Amino acid sequence: MRLQTRKILDRTFAGTGVLAIVLMSAALLILLTPIFIRGAGALFFTGTVEHRRLMLEKFDRGNRKQVEAEIRSAQAAREPIYRTIAVFDQQLAHGDAKERAKYKKPLKELKKALQDLLGPAPGSVRPMLMRDQYGQTRWDRAQIKLARVLYREEWDYSNPTKSGVLLLKSRAADFAGTPIQELFSYMEKNLDQLLLPRRTLYWQFLTDESFDSHFFGGIWPELLGTIYLTLGAMLLAIPMGLIAAIYLTEYARESRLLNLLRTCISTLAGVPSIVFGLFGLAFFINTLKVSNSKSVLAGSMTLALMILPTVIRASEEALRSVPRTYKEAALSLGAGRWHTIWNVILPSALPGILTGIVISMGRAAGETAPIIFTAAVSVGKPLALWQTLSQPTPALSWNIYNLATEHEAVDEVRHVQYGLVLVLVSLVLLLNLAAIILRARIAKRMRA
Amino acid sequence: MNTWNKIVLGIVAIGMTAGLATAGDANKIVVDGSTTVGPIAKAFAEYYMGQHPDVNITVSESGSGNGAKSLINAACDVAAMSRPMKNSEMKAAKDAGVLPIEHIAAMDGIAVVVHPSNPLANLTIEQIRDIYTGKITNWKELGGPDRPMVAISRDTNSGTYETFETMVMNKAKMGEKVEYVGSNGAIRQRVMSTPAAIGYVGLAFTEEVKPLTVNGVEASAETVASKEYPISRPLYLYTNGRPKQSSPLHDFINLPDAPEGKKIVEDLGFVPSN
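Protein sequences, first through last, are from chains A and B.
Residues 3 to 450 in the numbering used here are what the first sequence spells out, letter by letter.
Residues 287 to 560 in the numbering used here are what the second sequence spells out, letter by letter.
Label pairs and their in silico Cβ distance ranges: (1) Lys107(A) / His338(B): 34 to 44 Å; (2) Gln145(A) / Ala544(B): 33 to 43 Å; (3) Tyr328(A) / Gly383(B): 52 to 62 Å.
For the record, the hints were derived by calculation from the structure and aren't laboratory data.
Remember, predicted model here, so these are calculated numbers, not experimental data.
No residue lacks a Cβ here, since even glycine has one placed at the ideal position from N, Cα and C.
Starting from the given sequences, assemble the full structure and let the hints guide the process.
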């Protein structure tokens with residue numbers, strides 16, 4: 003081949019490599035940026051007076067005097083709205099039946115939209131569900147709800163062979179000529195007086211329990227559940243995996259059986275996680291009955307099984323890459339076999355083993371399928387350590403799925419879902435970062 | 287010897303914690319099952335735990351079929367179901383030494399929902415059946431826009447599916463093109479985002495989709511309560527045997543009959559049972 007051609011080929015190869023890396027980084031950026039930005043919205047947002055009222059009433063957080071003053075000021079700003087409606091109600095009650103019938107439905111809808119935005123009207127019965135007890139706690143949601151107060155959606159189906167067209171009908175027009183008409187411009191102009199928006203840092207999102215199936219509160223049960231499940235899985239998988247790896251590299255004689263065993267382990271590493279999940283349900287819960295119901299214990303066992311092959315393979319590779327001379331030197335000094343393994347081989351293989359362990363930890367934290375049937379629930383309290391033996395728990399990965407699909411009001415809890423994603427992704431990234439740093443540190447110490 | 291002592295001690299400690307854990311079981315209630323009943327179960331759990339902070343109630347939404355299986359395997363305390371237990375399940379329960387007792391949580395209607403842009407207003411039961419068997423495939427055939435239909439159904443594990451199959455399909459088989467999804471919420475979202483879609487969901491899941499009138503009757507709590515709406519059904523909570531008087535489970539299972547429970551059911555958009 004001519005030198006010129008070889009050079010061109012060489013450059014093309016290098017160029018493709020660089021392109022691949024750039025593409026990958028871009029994909030990562032495109033993937034991670036929205037996760038971080040939207041996820042951060044669960045912790046940093048513009049909170050309304052309703053958020054501060056909730057914090058005060060549920061957790062006794064915030065400056066009581068100040069918050070109460072704010073609540074009073076918001077109530078004062080809302081007073082004209084409720085007064086106008088009460089006046090109109092009176093007017094209708096004493097007016098003729100035709101008027102009453104005409105405004106019955108629009109008025110009911112308006113009251114519902116108002117309750118969604120501002121919470122229950124003063125003097126009304128305290129609703130049972132917490133989602134009905136408070137108005138909008140977030141300014142972004144409040145603006146959407148305000149639009150629902152100002153306009154009602156109406157679909158124009160005049161041409162039945164075409165899709166309907168969405169028309170936004172102003173409610174002010176519905177109530178034209180009544181005292182209510184004035185309300186809408188008042189609310190539009192004074193929304194900030196009604197809700198007193200303020201920049202809010204809600205870091206307790208990470209440490210609060212959730213209220214009313216994730217409408218309010220934080221994600222502590224999920225976070226704690228994931229930590230329990232991951233640590234439990236590591237507690238079971240590390241000793242078993244390490245012992246198996248030491249046996250495979252140091253004790254077992256090379257034979258066809260051993261090769262078969264290795265193939266089996268590799269195959270196990272490739273088994274889809276849902277299979278492990280179903281196996282965990284059938285074996286740990288229905289057959290062994292490690293717990294009466296789904297539990298963190300059963301979930302940890304299933305996760306441990308899932309990451310065991312990875313731990314074994316990584317440890318085996320690490321052990322195998324320790325130079326033979328180390329072992330020979332130790333043995334020639336009169337050290338026993340176990341002594342050699344414990345004091346010479348294991349320490350030099352440690353960086354590799356730890357990396358394998360931390361990376362499988364990231365996998366255990368992020369997997370959903372193995373815990374669906376063995377450990378995860380939609381709502382539950384944060385567990386005490388001893389409860390993990392018998393009780394199920396919410397977990398980050400599962401609740402992301404739950405909030406995205408099964409929840410009855412997905413749009414209302416979208417910010418919680420993003421928050422969950424952010425925390426899970428950060429957790430896995432941190433674990434991977436820890437693996438890299440750990441590896442570098444130990445390797446440096448070994449060289450010294 | 288020292289090492290052995292440690293090991294023995296460790297085993298004793300683990301045994302004791304396990305014992306403690308079982309002793310604490312009276313204060314946990316595990317609810318599994320229907321995604322339709324999910325909102326009710328979650329709200330009941332929240333309400334009950336608010337009054338009894340020492341009790342932990344967990345709720346999973348995995349479908350009525352899974353709820354039944356879970357109860358039969360004694361892996362849950364309460365199976366939430368949107369259909370009654372089948373004979374085969376009753377038999378399996380009996381064989382496993384489980385005695386399912388039925389409690390009615392609420393009444394619910396199955397709303398047939400389409401995208402809000404769909405001009406159609408009413409369907410008869412027969413038309414719905416024809417859509418799901420694949421006889422009607424285009425909205426044009428019902429006088430709507432020329433658009434192939436996307437029929438969405440719950441999976442066969444679902445109680446809503448079973449009810450729909452008995453009350454609407456009347457033993458006719460679902461067509462090949464029907465799409466199956468795993469929860470009420472998933473149907474709602476699929477219909478919200480697909481102009482040509484049609485689906486069916488419990489009454490609590492009709493926000494931002496358009497429920498059609500069925501045989502001319504609007505799907506609402508009122509029409510379900512008055513038994514006018516043609517596709518309505520009770521929602522159930524099953525327990526293994528009658529729970530002991532004044533145990534947390536007993537109180538929880540009787541919430542649907544308490545005034546507070548009825549209010550919760552109503553606020554969620556279901557119909558309280560009588």
